[in-house]
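All chains should be modelled from the sequences, with the hints used to inform the complete structure.
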Amino acid sequence: MQQNEQIFFTSVYVTKWKEFLPQKELRYSPSFHARAICCASIEVLQAYLAWRQNDCHINNQYETCLGMLVKCGKTESEAQEILKGTQKQEKNELLFQQFGINYKKLPELFRQGSCVFKTEVEDIVKYNENGAPVKRLRRKTRIVHSENIAGKKFWNEHPCLVKELGGFEKDVSKIKPDYVRSYLFESKLMPYTWIVIRIDGCHFHRSKSS
306 MQQNEQIFFT
316 SVYVTKWKEF
326 LPQKELRYSP
336 SFHARAICCA
346 SIEVLQAYLA
356 WRQNDCHINN
366 QYETCLGMLV
376 KCGKTESEAQ
386 EILKGTQKQE
396 KNELLFQQFG
406 INYKKLPELF
416 RQGSCVFKTE
426 VEDIVKYNEN
436 GAPVKRLRRK
446 TRIVHSENIA
456 GKKFWNEHPC
466 LVKELGGFEK
476 DVSKIKPDYV
486 RSYLFESKLM
496 PYTWIVIRID
506 GCHFHRSKSS
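So the sequence shown is residues 306 to 515, counted in the working numbering.
No wet-lab data here; the hints were simulated from the structure.
Computed from a prediction, not measured in an experiment: that's the story for all the values here.
Backbone N, C-alpha and C define an ideal beta-carbon position, used for all residues, glycine too.
Be a bit skeptical, because a hint or two may be false.
Calculated pairs, EDC-like style, for lysine to aspartate or glutamate (alpha carbon to alpha carbon, straight line, at most 16 Å) [to be verified]:
1) Lys410 <-> Glu452
2) Lys458 <-> Glu386
3) Lys445 <-> Glu427
4) Lys445 <-> Glu425
5) Lys440 <-> Glu425
6) Lys440 <-> Glu427
7) Lys479 <-> Glu348
8) Lys481 <-> Glu368
9) Lys396 <-> Glu386
10) Lys409 <-> Glu386
11) Lys423 <-> Glu398
12) Lys468 <-> Glu452
13) Lys458 <-> Glu434
14) Lys423 <-> Glu469
15) Lys457 <-> Asp476
16) Lys393 <-> Asp360
17) Lys393 <-> Glu368
18) Lys445 <-> Asp428
19) Lys409 <-> Glu452
20) Lys458 <-> Asp483
21) Lys389 <-> Glu368
22) Lys396 <-> Glu368
23) Lys457 <-> Glu348
24) Lys457 <-> Glu474
25) Lys479 <-> Glu368
26) Lys468 <-> Glu425
27) Lys379 <-> Glu368
28) Lys410 <-> Glu398
29) Lys440 <-> Glu452
30) Lys409 <-> Glu368
31) Lys475 <-> Glu395
32) Lys445 <-> Glu469
33) Lys409 <-> Glu398
Listed next, with one range per pair, are the computed distances between beta-carbon atoms [said to hold, decoys possible]:
34) Arg441 <-> Ser478: 40 to 50 Å
35) Cys377 <-> Lys323: 29 to 39 Å
36) Arg444 <-> Glu381: 36 to 46 Å
37) Gly405 <-> Glu348: 36 to 46 Å
38) Ala345 <-> Gly378: 45 to 55 Å
39) Gly471 <-> Gly378: 43 to 53 Å
Written out as C-alpha cells, the structure reads:
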C-alpha cells in the first residue's frame with residue numbers, strides 16, 4: 306500500500322508539473338520518502354496529526370532560513386552551522402532582520418502544511434424533464450490549510466471525518482512521548498488500526514534559489 310501510494314504520488318507530481326509551473330523546467334526526477342503509520346486509536350491519530358503539523362512548521366522554518374542564507378552567498382555547510390542550535394524565535398529574527406521576511410506572513414501552505422480529505426457534497430447529476438436539477442451526494446477531495454488540523458473544533462466541523470474515523474473529545478495540549486516513539490518505530494501492520502500515509506519531498510530547498 307505504501308509503495309503504491311508513493312509511486313502514484315510521484316507520477317502525478319511529474320505529470321502535473323507544467324500545469325502549476327509552466328515557466329520552469331523540471332530539471333531532475335523528484336524523490337519522495339513515504340511511510341505508513343499505524344494509529345491504534347482516534348487519540349493516537351489526533352496526536353500524530355498534531356505532531357506532524359508542528360514538525361511541518363519546524364522544518365519549513367529551518368528550510369526557509371537555510372535557503373535564504375544559501376541564496377545570499379553562504380555555502381550549505383556554512384548556513385547549517387549558523388542555524389545550529391537556534392530556536393524558533395531566533396530563526397524568526399534572522400529572517401526579519403537579514404532578509405525582511407515576516408515568517409508569520411508566509412503562505413499557510415508552507416507554514417502549516419496541507420490537509421487533504423474527502424467530503425460529501427451535493428452535486429447536480431442531471432436535469433429532469435421539467436428542467437429541475439437532480440442532485441446526488443458525491444465524494445469530493447478538499448484541501449485545507451488550517452492552523453490546527455488536530456484541534457477539536459476543526460475536526461468535528463467536518464461530518465465526513467467524524468463519521469468515518471470518530472470525533473475528537475478534546476484538544477491536544479501535550480503529545481505523549483510513547484506516541485512519538487510509536488510513530489518512529491517501523492512495525493508490521495496491526496489489525497483494527499487507522500493508517501496514515503505520509504509523503505515528504507526531499508531537498509526541495511535547493512530548488513528554491515533557482
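Results for each hint:
With a C-alpha separation of about 13 Å, the suggested pair Lys410 and Glu452 falls inside the 16 Å cut-off, and the hint holds. Of the pairs offered as hints, the one joining Lys458 and Glu386 is violated, with about 40 Å between alpha carbons and a cut-off of 16 Å exceeded. Between Lys445 and Glu427 the alpha-carbon distance is near 10 Å, which keeps this suggested pair within the 16 Å criterion. Restraint check for Lys445 and Glu425: the C-alpha separation of about 6 Å stays at or below 16 Å, so the hint holds.
Of the supplied pair hints, the one linking Lys440 and Glu425 holds, its CA atoms being roughly 12 Å apart against a limit of 16 Å. Only pairs whose Cα atoms come within 16 Å are accepted, and Lys440 paired with Glu427 is accepted, the gap being roughly 6 Å. Between the alpha carbons of Lys479 and Glu348 the distance comes to roughly 12 Å, so the proposed pair stays at or under 16 Å and holds. Simply put, Lys481 and Glu368 have alpha-carbon atoms about 27 Å apart, too far for the 16 Å limit, and the pair is violated.
A C-alpha spacing of about 13 Å is found between Lys396 and Glu386, which places the hinted pair at or below 16 Å, so the restraint holds. In summary, the hint linking Lys409 to Glu386 is not supported, as the alpha carbons are separated by about 24 Å, beyond the 16 Å threshold. Taking the CA atoms of Lys423 and Glu398, the gap is near 38 Å; set against the 16 Å cutoff, the hint is violated. For the hint pairing Lys468 with Glu452, the CA-to-CA distance comes to about 22 Å; that exceeds 16 Å, so the pair is violated.
At most 16 Å may separate the alpha-carbon atoms for a hinted pair to count; Lys458 and Glu434 exceed this at roughly 43 Å. Restraint check: the Cα-Cα separation between Lys423 and Glu469 comes to about 10 Å, which is no more than 16 Å; the hinted pair holds. Taken as a hint, the Lys457 and Asp476 pair is honoured in the structure, with Cα atoms around 5 Å apart against an allowance of 16 Å. Straight-line distance between C-alpha atoms of Lys393 and Asp360 comes to about 12 Å, which keeps the hinted pair within the 16 Å bound.
Pair hint Lys393 plus Glu368 holds up; C-alpha atoms about 12 Å apart against a cutoff of 16 Å. In summary, the hint linking Lys445 to Asp428 is supported, as the alpha carbons are separated by about 10 Å, within the 16 Å threshold. Using a Cα cut-off of 16 Å, the hinted pair Lys409 and Glu452 holds, with the two alpha carbons roughly 11 Å apart. Distance check on the hinted pair: Lys458 and Asp483 sit about 25 Å apart at the alpha-carbon level, beyond 16 Å; violated.
Between Lys389 and Glu368, the direct Cα distance comes to roughly 12 Å. Compliance with the 16 Å bound is thereby established for this hinted pair. For the hint pairing Lys396 with Glu368, the CA-to-CA distance comes to about 10 Å; that is within 16 Å, so the pair holds. A distance of roughly 11 Å separates the Cα atoms of Lys457 and Glu348; the hinted pair therefore holds under the 16 Å criterion. A C-alpha spacing of about 7 Å is found between Lys457 and Glu474, which places the hinted pair at or below 16 Å, so the restraint holds.
As the CA atoms of Lys479 and Glu368 are separated by approximately 25 Å, the hinted pair breaks the 16 Å bound. As the CA atoms of Lys468 and Glu425 are separated by approximately 11 Å, the hinted pair is consistent with the 16 Å bound. Between the alpha carbons of Lys379 and Glu368 the distance comes to roughly 14 Å, so the proposed pair stays at or under 16 Å and holds. Between the alpha carbons of Lys410 and Glu398 the distance comes to roughly 14 Å, so the proposed pair stays at or under 16 Å and holds.
The hinted pair formed by Lys440 and Glu452 fails the criterion: a straight-line CA distance of about 33 Å is larger than 16 Å. Straight-line distance between C-alpha atoms of Lys409 and Glu368 comes to about 15 Å, which keeps the hinted pair within the 16 Å bound. Restraint check for Lys475 and Glu395: the C-alpha separation of about 32 Å exceeds 16 Å, so the hint is violated. The straight-line distance between the Cα atoms of Lys445 and Glu469 is roughly 15 Å, inside the 16 Å bound, and the hint therefore holds.
Between Lys409 and Glu398 the CA atoms are separated by roughly 12 Å; this keeps the pair inside 16 Å, and the hint holds. A hinted range of 40 to 50 Å for the beta carbons of Arg441 and Ser478 is consistent with their spacing of about 41 Å. The hinted window of 29 to 39 Å between Cys377 and Lys323 holds, with their beta carbons roughly 30 Å apart. Here the CB-CB span from Arg444 to Glu381 is close to 44 Å, well matched to the stated 36 to 46 Å.
At about 42 Å, the beta-carbon gap between Gly405 and Glu348 stays in the expected band of 36 to 46 Å. At about 49 Å, the beta-carbon gap between Ala345 and Gly378 stays in the expected band of 45 to 55 Å. The given range of 43 to 53 Å is respected by Gly471 and Gly378, whose C-beta atoms sit roughly 51 Å from each other.
Comparing the model with each earlier hint shows violations of hints 2, 8, 10, 11, 12, 13, 20, 25, 29, 31; every other hint is respected.
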